[in-house]
Amino acid sequence: MNTPTVPLVDPQVLDRIRGWRGYAEAKLGFRNHWYPTLNSSEVAEGQPVPFQLGGEKLLINRIDGKLYCIKDQCLHRGVPLSRKLECYSKDTISCWYHGWTYQWADGKLCDILTDPSSKMIGTRSLKTYPAQELKGLVFVFLGDIEPTPLARDLPPGFDEADRRVQPFRRVVNANWRIGAENGFDTTHIFIHKDSRLIRGNQTMLPLGFAPNPNSKEPLFETRHTEGGNIGVFDLLAERGVPHFEGSVHGEVVRRAIHGGDKHIAGQISLWMPGVLKVDPFPDPAMIHFEWYVPRDADSHWYIHCATKVVEGPNADAEFAEEYEALWKDLYAHGFNDDDIWAREATQPFYQDDWGWLKEQLFEADACIMAWRKLASEHNRGIQTAGR
Amino acid sequence: MNTPTVPLVDPQVLDRIRGWRGYAEAKLGFRNHWYPTLNSSEVAEGQPVPFQLGGEKLLINRIDGKLYCIKDQCLHRGVPLSRKLECYSKDTISCWYHGWTYQWADGKLCDILTDPSSKMIGTRSLKTYPAQELKGLVFVFLGDIEPTPLARDLPPGFDEADRRVQPFRRVVNANWRIGAENGFDTTHIFIHKDSRLIRGNQTMLPLGFAPNPNSKEPLFETRHTEGGNIGVFDLLAERGVPHFEGSVHGEVVRRAIHGGDKHIAGQISLWMPGVLKVDPFPDPAMIHFEWYVPRDADSHWYIHCATKVVEGPNADAEFAEEYEALWKDLYAHGFNDDDIWAREATQPFYQDDWGWLKEQLFEADACIMAWRKLASEHNRGIQTAGR
Amino acid sequence: MNTPTVPLVDPQVLDRIRGWRGYAEAKLGFRNHWYPTLNSSEVAEGQPVPFQLGGEKLLINRIDGKLYCIKDQCLHRGVPLSRKLECYSKDTISCWYHGWTYQWADGKLCDILTDPSSKMIGTRSLKTYPAQELKGLVFVFLGDIEPTPLARDLPPGFDEADRRVQPFRRVVNANWRIGAENGFDTTHIFIHKDSRLIRGNQTMLPLGFAPNPNSKEPLFETRHTEGGNIGVFDLLAERGVPHFEGSVHGEVVRRAIHGGDKHIAGQISLWMPGVLKVDPFPDPAMIHFEWYVPRDADSHWYIHCATKVVEGPNADAEFAEEYEALWKDLYAHGFNDDDIWAREATQPFYQDDWGWLKEQLFEADACIMAWRKLASEHNRGIQTAGR
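Protein chains in written order, with the UniProt record's numbering: chain A, 1 to 387; chain P, 1 to 387; chain B, 1 to 387.
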């Protein structure tokens with residue numbers, strides 16, 4: 001299908017971008033990458049669930065425990081199959097409109113209930129996407145090539161044995177890149193200066209950081225995971241000077257809250273195709289991961305993962321209890337709710353793409369630029385949702 | 001008035017359409033054709049009613065029993081006259097803003113209440129459209145040429161003496177062509193397989209039809225009415241093989257409901273400028289007609305007409321009673337309500353025009369293609385709403 | 001920042017405009033002019049208030065009694081400062097996101113709370129706009145040049161000593177030019193023919209005016225104020241023939257209401273950058289002024305000012321009482337509410353800019369054309385909101 005020349009991104013903006021054009025183009029995310037979507041528990045046997053990813057309408061189902069994901073759009077007239085689900089056999093779904101019937105496994109048009117003699121049968125296939133489960137999350141490979149190993153799109157440590165994961169998914173009305181840059185940006189901790197988490201968990205957070213004037217060391221570093229993924233570390237917190245006092249005209253006007261001595265957020269890194277690791281967080285014994293999953297051009301799924309290594313037979317249940325009792329309110333809400341409104345307040349400036357040119361970044365944003373370049377060089381394709 | 005080059009339909013789509021470009025262009029319907037609009041009973045003497053047709057705002061009035069239709073937009077500043085109706089003489093309407101006064105009969109600017117000396121008076125005219133009543137429906141000739149006889153835009157039999165008509169108008173949020181193709185498409189009966197009408201009226205409906213493999217006969221046929229209109233008949237039901245069982249992987253997974261032996265929907269035909277005839281329907285003694293009237297690019301009036309030949313002095317009242325008591329619920333709602341959501345579920349795929357290229361039609365759609373070609377060749381113009 | 005070629009106004013329309021292109025371009029108003037905004041009483045010491053002007057988001061504050069207006073958009077990431085106000089010193093405002101801190105007086109980036117060592121500090125400035133108070137209104141100079149004296153953008157008499165002003169601000173969902181032309185247009189009095197004000201204040205209003213057939217005198221005249229502003233007077237009321245009877249087909253169909261003998265609205269003039277003077281109105285002892293302040297392309301602030309010369313120590317309080325007790329209901333609502341719906345009913349025709357070409361003006365609109373030409377020639381720039 002030819003693409004209309006009506007572009008997804010303003011071409012005048014793209015022409016002015018130097019060094020990270022691919023990222024500027026990726027308004028709907030990247031093609032040929034794994035993205036987390038629903039929770040495993042949300043996809044029950046034989047009960048298809050519709051959702052949106054990279055601007056596409058998808059439908060996922062569980063058959064004999066295994067997951068299958070297809071495009072939620074009949075080949076014939078383009079209607080969403082999910083408008084009225086009709087599954088007449090375990091391994092197929094039929095369109096409510098003319099009975100075009102597709103196999104979940106390969107998308108093949110295997111029957112047409114209104115015309116069993118149609119020559120279309122067996123010669124057409126609906127787009128399918130590989131799906132896989134890990135740590136209670138359903139990952140979908142939004143692509144056309146032979147799927148890469150899931151590990152290549154994971155942040156380091158996420159798939160570690162005995163690491164328990166509590167995912168919490170929210171829709172944020174901002175482009176996924178606004179989400180990623182909000183999370184990775186070290187100095188955005190300024191918006192968390194009054195977060196309940198700080199006192200509530202006896203932690204301590206500076207107001208910001210300044211690069212070390214006596215050092216020429218870069219403030220970021222690109223690394224690979226064992227799984228083969230690539231990401232960038234923000235080293236400002238490590239190599240810079242933390243500030244616990246904010247001054248205006250040389251007078252201290254604001255001090256950081258000292259909730260206690262717990263050291264958190266020592267290492268912050270952002271990985272392809274858009275997942276943040278904060279280690280440790282929100283507690284010395286925990287690691288925080290968050291994905292920014294493109295739903296459409298103007299919204300993303302903020303998939304917030306509290307994780308902890310817990311052993312023993314009841315480890316999952318134990319951590320689930322601890323999360324519900326303590327962390328969900330204190331940090332998922334008490335800390336990260338501020339990031340949600342911050343992203344939504346940033347979106348209008350970037351919505352027409354011109355914000356990428358009008359913004360004025362400062363020293364602490366070095367890691368943001370590093371991320372944009374990395375993402376432009378190391379993605380496996382730009383998602384365009386068939387446009 | 002020059003047309004802006006901002007086109008109503010994506011030119012890149014039009015360039016790719018072969019054989020039925022005119023239909024692809026007719027997003028707002030056709031120019032110089034008769035369309036049904038309001039019910040006669042809705043237009044009372046001296047009480048103008050505003051409505052929308054082909055993307056234009058119109059205003060219709062009844063004077064001494066006769067109907068007059070004008071554009072609902074003052075020539076001066078383009079305001080809708082209907083925003084505040086001011087009629088100071090039986091045969092005129094005055095604009096609430098500056099008192100520009102137009103004659104219903106010819107649209108002529110006959111007076112300006114704020115400046116009786118204006119040179120504009122008598123030299124300008126508001127656009128008028130011929131209007132005519134038939135069988136309780138108000139027809140408007142949306143055009144600029146000498147109006148053709150109404151019969152040229154009617155389906156055969158509609159104007160038959162003693163044929164009683166019960167019109168039922170609904171707004172459907174889909175382009176009028178989505179409506180027409182939904183109604184004409186034989187195999188869409190699949191969505192009606194559980195309709196209350198089937199058991200409720202002891203009828204029987206197959207799940208679908210297959211072309212007869214041993215026949216080379218075309219599955220459609222173009223015909224003319226005595227009145228001079230042209231339409232296409234879907235012969236799939238006649239020449240094809242009805243299927244009462246639907247199979248997946250060779251196993252029967254769904255059987256059609258046998259409500260009884262009543263034979264319905266034997267002949268289905270679609271006529272210019274967009275009106276369907278189903279004969280007989282929903283009962284052997286009745287004929288169903290439905291018009292798809294363009295309101296704007298994204299919605300149409302679904303004018304549903306139950307008809308029956310009834311003689312005698314109280315024929316109209318008798319059929320009205322029968323319709324209210326039985327048919328309105330059982331078929332207008334119990335059958336055609338499904339078509340409404342089906343059309344609205346189809347609309348998004350075609351909304352940006354690219355659906356016309358992305359769709360994948362099958363054998364049973366032969367009549368749809370025939371209709372598109374016929375409509376492209378035999379329309380009297382494309383409606384563009386002055387753009 | 002380069003401007004995208006996506007134009008604010010349809011270039012095909014601009015190419016067809018003869019003699020007043022600048023006005024057709026001024027969809028967001030004019031640059032380098034003074035506009036009234038909030039009431040003085042709405043801007044309290046140290047309590048910034050956000051508002052919109054010419055498509056820009058602005059923020060205004062009062063410091064030691066003086067007003068300061070800045071762009072409500074952080075230089076760094078373009079977020080609105082007003083989303084979460086953080087002022088750590090009397091003369092600065094800090095962005096809630098990364099602590100970028102600006103001086104109200106000159107917009108200079110004087111500190112960054114998250115990185116006091118940033119080289120950006122002192123080298124960047126947020127856009128500021130001069131603000132000034134007069135007669136209880138806050139005026140903002142929406143421009144980039146050395147501000148002109150406020151008097152150059154005032155209608156004559158507004159700043160007269162002892163003239164008391166009662167401002168009343170409403171949002172109208174129509175472009176500011178639709179507002180200005182509605183107010184200036186003499187014959188629009190037709191919509192006021194039933195206004196409560198006429199009987200309520202024993203005044204008398206004709207239905208309209210006709211140019212004097214025996215006179216060749218122009219129906220408008222351009223004049224300057226002592227302050228240096230320029231405006232156009234509509235002389236139709238003065239030189240034309242008032243009509244108290246409206247006729248259709250030579251028969252009187254409507255008579256003007258004679259509420260009494262009070263003569264009002266003798267002189268009507270429209271001044272840059274878009275402010276109307278009606279003298280006297282609504283009472284022989286009063287003068288009415290109204291500004292049409294562009295908020296964005298599709299709405300304006302209708303700032304309605306009842307004024308009267310009253311002397312003595314309690315003059316302001318006395319007039320305020322008189323206004324609340326009598327005028328606010330009888331004329332602000334009882335007369336001008338009709339102008340609000342008239343403007344909103346006119347907006348759709350002009351929204352895509354083509355209305356400027358499709359309209360058909362008549363003799364009484366001579367002053368409207370004069371205004372358009374004057375505004376095109378004498379503006380100090382076109383507001384484009386950085387696009």
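There could be a bad hint or two in this list.
Because identical chains share one entry, a pair is satisfied inside a single copy or across any pair of copies.
Said to hold, decoys possible - The calculated lysine-lysine pairs, modelled on DSS-like cross-linking and capped at a C-alpha distance of 27 angstroms, are:
hint, residue 1, residue 2
1, K57, K308
2, K135, K358
3, K57, K262
4, K71, K262
5, K119, K328
6, K216, K71
7, K57, K216
8, K135, K216
9, K358, K84
10, K216, K308
11, K57, K108
12, K216, K90
13, K108, K358
14, K373, K216
15, K328, K135
16, K262, K127
17, K328, K57
18, K71, K308
19, K66, K328
20, K57, K71
The set of hints was computed from the structure by calculation and includes no laboratory data.
Now the hints, each set against the structure:
Proximity of K57 to K308 under the C-alpha cut-off of 27 angstroms is found in neither arrangement, the shortest distances being 33 angstroms within a copy and 45 angstroms between copies. Within a single copy, K135 and K358 get their C-alpha atoms no closer than 40 angstroms, and across copies no closer than 38 angstroms, so neither meets the 27 angstroms cut-off. Within a single copy, K57 and K262 get their C-alpha atoms no closer than 44 angstroms, and across copies no closer than 41 angstroms, so neither meets the 27 angstroms cut-off. Neither within a single protomer nor between protomers do K71 and K262 lie at most 27 angstroms apart by alpha-carbon distance, with minima of 47 angstroms and 40 angstroms respectively.
Within a single copy, K119 and K328 get their C-alpha atoms no closer than 54 angstroms, and across copies no closer than 39 angstroms, so neither meets the 27 angstroms cut-off. In the homo-oligomer, the alpha carbons of K216 and K71 never lie at most 27 angstroms apart, since the shortest distance is 50 angstroms inside one protomer and 36 angstroms across protomers. Taking CA atoms no more than 27 angstroms apart as the test, K57 paired with K216 passes in neither setting, with 48 angstroms inside one copy and 40 angstroms between copies. Taking the closest pair of Cα atoms, K135 and K216 never come within 27 angstroms of each other, the shortest separation being 40 angstroms inside a single copy and 58 angstroms across copies.
In the homo-oligomer, the alpha carbons of K358 and K84 lie at most 27 angstroms apart only across protomers (22 angstroms), although the nearest pairing inside one protomer, at 45 angstroms, exceeds that limit. Taking the shortest alpha-carbon separations for K216 and K308, neither the intra-copy value of 36 angstroms nor the inter-copy value of 70 angstroms comes in at or below 27 angstroms. In this homomeric assembly, K57 and K108 come within 27 angstroms of each other (Cα to Cα) only inside a single copy, at 18 angstroms, whereas the closest approach across copies is 47 angstroms. In the homo-oligomer, the alpha carbons of K216 and K90 never lie at most 27 angstroms apart, since the shortest distance is 62 angstroms inside one protomer and 37 angstroms across protomers.
For the homomeric pair K108 and K358, the shortest alpha-carbon distance between copies (18 angstroms) is at most 27 angstroms, but the shortest distance inside one copy (47 angstroms) is not. Taking the shortest Cα distances, K373 and K216 sit within 27 angstroms of each other inside one copy (21 angstroms), while across copies they are farther apart (61 angstroms). Proximity of K328 and K135 under a CA criterion of 27 angstroms is satisfied intra-copy only: 18 angstroms inside one chain copy versus 54 angstroms between copies. For the homomeric pair K262 and K127, neither the shortest alpha-carbon distance inside one copy (49 angstroms) nor that between copies (42 angstroms) is at most 27 angstroms.
When the C-alpha separation of K328 and K57 is checked against a cutoff of 27 angstroms, the pair qualifies neither within a copy, at 30 angstroms, nor between copies, at 36 angstroms. Neither within a single protomer nor between protomers do K71 and K308 lie at most 27 angstroms apart by alpha-carbon distance, with minima of 35 angstroms and 45 angstroms respectively. With identical chains, the CA atoms of K66 and K328 are never at most 27 angstroms apart, being 30 angstroms at best within one copy and 47 angstroms at best between copies. In the homo-oligomer, the alpha carbons of K57 and K71 lie at most 27 angstroms apart inside one protomer (6 angstroms), although the nearest pairing across protomers, at 40 angstroms, exceeds that limit.
Of the numbered hints given earlier, the model fails hints 1, 2, 3, 4, 5, 6, 7, 8, 10, 12, 16, 17, 18, 19; all others are met.
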